[in-house]
Amino acid sequence: MWEGYQKCISNLNLIDGLLTNISAEGEVNYVLKKEDREKIFTLYSEIYPYLYWIMYNHPNPQSKEIQTLK
59 MWEGYQKCIS NLNLIDGLLT NISAEGEVNY VLKKEDREKI FTLYSEIYPY LYWIMYNHPN
119 PQSKEIQTLK
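The opening position of the sequence shown corresponds to residue 59 in the working numbering, with each subsequent residue numbered one higher.
For the record, the hints were derived by calculation from the structure and aren't laboratory data. Cβ atoms here follow ideal geometry from the backbone N, Cα and C, with glycine treated the same way.
For lysine-lysine, the following DSS-like pairs were computed, each having C-alpha atoms within a straight-line distance of at most 30 Å: (1) 92 - 65; (2) 65 - 91; (3) 65 - 122; (4) 97 - 65.
Quick list of the computed label-pair ranges, beta carbon to beta carbon: (5) 67 - 114: 17 to 27 Å; (6) 111 - 71: 16 to 26 Å; (7) 114 - 92: 28 to 38 Å.
Based on the provided sequences and hints, a complete structural model is requested.
This is the structure:
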């Protein structure tokens with residue numbers, strides 16, 4: 059499960075980077091290019107199962123289970 063958390067953080071950082079680059083271009087009505095849409099979709103699809111688990115199970119970062127994953 060720890061790999062899932064790491065994958066989530068990594069992919070969310072990559073998505074944030076893509077969106078930051080887009081917003082830096084200064085266009086309010088920017089339409090995502092096909093390759094940007096595909097990158098974002100791929101990054102989200104890789105982590106969706108982990109995000110789903112996190113949202114519905116609300117793991118406590120201090121719990122024994124999470125501590126043993128570290």
